[in-house]
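Asker: Same order as they appear, the protein sequences are chains A and B.
The numbers in our numbering rise by one with no breaks, and the one at position 113 of the first sequence is 113.
The numbers in our numbering rise by one with no breaks, and the one at position 6 of the second sequence is 6.
Treat the hints as calculated values from the structure; they're not laboratory data.
Mixed in with the good hints there might be a few duds.
Stated by the list, open to error - Mimicking BS3-like on lysine-lysine, the simulated pairs with C-alpha atoms at most 27 angstroms apart in a straight line are:
hint	chain 1	residue 1	chain 2	residue 2
1	A	175	A	69
2	B	267	A	167
3	A	175	A	29
4	A	167	A	134
5	A	69	B	150
6	B	58	B	69
7	A	29	B	267
8	A	175	B	58
9	B	150	B	75
10	A	29	B	150
11	A	29	A	167
12	A	167	A	69
13	B	78	B	186
14	B	69	A	29
15	B	75	A	134
16	B	207	B	186
17	A	134	A	175
18	B	72	B	58
19	B	72	B	150
20	B	69	B	150
21	B	150	B	207
To be verified - Here's a subset of chain B near chain A, in silico, CB distances under 8 angstroms, partners left out:
hint	residue
22	100
23	145
24	154
25	232
26	263
27	264
Where a beta carbon is used, it is the ideal one built from N, C-alpha and C, also for glycine.
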Amino acid sequence: MKIWIITLLCTIFFIPMAQAHPHVFITPKAVVTINNHVVSQVNVEWDFDELASSLFLECAGTDNGEIWKLVFPELQLLADGSKAPRSGYYTNVEIDGVPIPNLVPGNFQANYVDGSLHCQFTLDINQNVDHTFKIWFNDPTIYNDFDTQQGNFQFQGQNDTEFVVQKQTQDDIDKIYMSF
Amino acid sequence: MKRKIIAVFIICLCINGLVSADSQQALNHREDKQATSSIVGQVINVLHHNELLTSLTKIQENLNRDLAKEIKALKEQKSLGVLSSLLALTFIYGMLHAMGPGHGKSVMSSWIVARQRRLRDVVFVGITAAASHALSAAFIIGAAYVILGKFATLSTQQLNMYLQIGATVLVIVIGLGMIIRWLRSKFAEKKDELSSPTASVDVLGEKPMLIALSIGMIPCPVASVILIFCLTMGLIWQGILLVLSFAIGMVVTLVAVSYFVWSVKEKIASRKLAAIQYVFTNILPAVGGIVLVVLGSTLLYSLL
Numbered sequence: 001m002k003i004w005i006i007t008l009l010c011t012i013f014f015i016p017m018a019q020a021h022p023h024v025f026i027t028p029k030a031v032v033t034i035n036n037h038v039v040s041q042v043n044v045e046w047d048f049d050e051l052a053s054s055l056f057l058e059c060a061g062t063d064n065g066e067i068w069k070l071v072f073p074e075l076q077l078l079a080d081g082s083k084a085p086r087s088g089y090y091t092n093v094e095i096d097g098v099p100i101p102n103l104v105p106g107n108f109q110a111n112y113v114d115g116s117l118h119c120q121f122t123l124d125i126n127q128n129v130d131h132t133f134k135i136w137f138n139d140p141t142i143y144n145d146f147d148t149q150q151g152n153f154q155f156q157g158q159n160d161t162e163f164v165v166q167k168q169t170q171d172d173i174d175k176i177y178m179s180f
Numbered sequence: 001m002k003r004k005i006i007a008v009f010i011i012c013l014c015i016n017g018l019v020s021a022d023s024q025q026a027l028n029h030r031e032d033k034q035a036t037s038s039i040v041g042q043v044i045n046v047l048h049h050n051e052l053l054t055s056l057t058k059i060q061e062n063l064n065r066d067l068a069k070e071i072k073a074l075k076e077q078k079s080l081g082v083l084s085s086l087l088a089l090t091f092i093y094g095m096l097h098a099m100g101p102g103h104g105k106s107v108m109s110s111w112i113v114a115r116q117r118r119l120r121d122v123v124f125v126g127i128t129a130a131a132s133h134a135l136s137a138a139f140i141i142g143a144a145y146v147i148l149g150k151f152a153t154l155s156t157q158q159l160n161m162y163l164q165i166g167a168t169v170l171v172i173v174i175g176l177g178m179i180i181r182w183l184r185s186k187f188a189e190k191k192d193e194l195s196s197p198t199a200s201v202d203v204l205g206e207k208p209m210l211i212a213l214s215i216g217m218i219p220c221p222v223a224s225v226i227l228i229f230c231l232t233m234g235l236i237w238q239g240i241l242l243v244l245s246f247a248i249g250m251v252v253t254l255v256a257v258s259y260f261v262w263s264v265k266e267k268i269a270s271r272k273l274a275a276i277q278y279v280f281t282n283i284l285p286a287v288g289g290i291v292l293v294v295l296g297s298t299l300l301y302s303l304l
């Protein structure tokens, strides 16, 4: 009997290895507004690959509401678990090492440029940053792959202290890291 | 006892790790959020985001972009040269895509190692699973166009989810079938009704077609988007050809993996060591079934 319990435990342990592969490729861009150590908001843009964009157009047309449903999946197009609650909408922000909870995208807009879907939304943060600000996009099901490039992230605003922006890779997830 | 435990552990590692893969659903956001703060979450994160998978993803991303460019070029030029290069691209894309997790390799491997299989059954499962995975997408798109007048709608996306649920239920049924068969043979062995635990008992879960169906009934989203992209550009028969080429690429990978697992198992099984024979006749048949039941249940839980 012990053997079967161990088999079961081993299987459960290794199942997470056996999941997920990418189907949708997204290039994220962001403009972070930061004035004197206060991050007010982040304007995000996601550019989808053309093949997936054609499916969006066919399924949802140009209706922002329908595209929202597909981008933040309620209908299984972009990720799994139709009733799975969102947690951050693939979007993660960390300030001074503390994750910002319940990030909900606002002002969602979608349009097609040369057949490619561009989605824009705003994250309202309004928090003080003492040392570090980190932002990254990650779909834990890996159905969507985010191609994060440092050049696509801008930090704007008035700041009396110099800061450094760089891309860091943690657990093979690319993150944009800003530090004063 | 120690040897048995080590054997079980290695088998699980082989099935779920080295030849990894089954459907892409099990982790959802809720789990991710709760899990990342725990040790298990960190382990999952590292396993999901490893260098090999990252490289494979990068190559697929580039192929995806090249494919879109070439399809646009085909629309402009309609030349045989562009079509040939597209066919090569989709073939490679299909091969690489099937290498990633989530294409039934765990299910197939569990089925192969659980009992002695004929090579032709193994190859049949590999071909049928990969081909139906890619071509079912084309079928749904065609049916959607005939019925709804569109290549894809929100309801066809919903249909995909129901098919995923159906596939995971099938995986559980197959796993249960394998366990029942094992229990029956054990029971019969004790009663001296059968001389060998491997004696043939026809059980639903042992049918090659069911295994192929459990993997292939979920339409491949990549095949869907390739076809829809072509169709929206008016490239009908070219789109169908590209999906066929993509399917052939997937077939090559799945057949290669299943042949590899089968041949390794056959080589090990041919050794007449008592310990190996014990594992093959007493442990593997049940382990295969348990793996499938747990795998299917986990995926089903994540979908409901």
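Asker: Confirm or reject each hint.
Answerer: Evaluated hints:
no.	hint	in the structure
1	175/A / 69/A	holds (26 angstroms)
2	267/B / 167/A	violated (48 angstroms)
3	175/A / 29/A	holds (12 angstroms)
4	167/A / 134/A	holds (10 angstroms)
5	69/A / 150/B	holds (19 angstroms)
6	58/B / 69/B	holds (17 angstroms)
7	29/A / 267/B	violated (52 angstroms)
8	175/A / 58/B	holds (16 angstroms)
9	150/B / 75/B	holds (21 angstroms)
10	29/A / 150/B	violated (32 angstroms)
11	29/A / 167/A	holds (13 angstroms)
12	167/A / 69/A	violated (30 angstroms)
13	78/B / 186/B	violated (63 angstroms)
14	69/B / 29/A	holds (22 angstroms)
15	75/B / 134/A	violated (43 angstroms)
16	207/B / 186/B	holds (20 angstroms)
17	134/A / 175/A	holds (7 angstroms)
18	72/B / 58/B	holds (22 angstroms)
19	72/B / 150/B	holds (21 angstroms)
20	69/B / 150/B	holds (24 angstroms)
21	150/B / 207/B	violated (36 angstroms)
22	100	holds (4 angstroms)
23	145	violated (10 angstroms)
24	154	holds (6 angstroms)
25	232	holds (5 angstroms)
26	263	violated (21 angstroms)
27	264	violated (18 angstroms)
The structure is inconsistent with the numbered hints 2, 7, 10, 12, 13, 15, 21, 23, 26, 27, although it conforms to all the rest.
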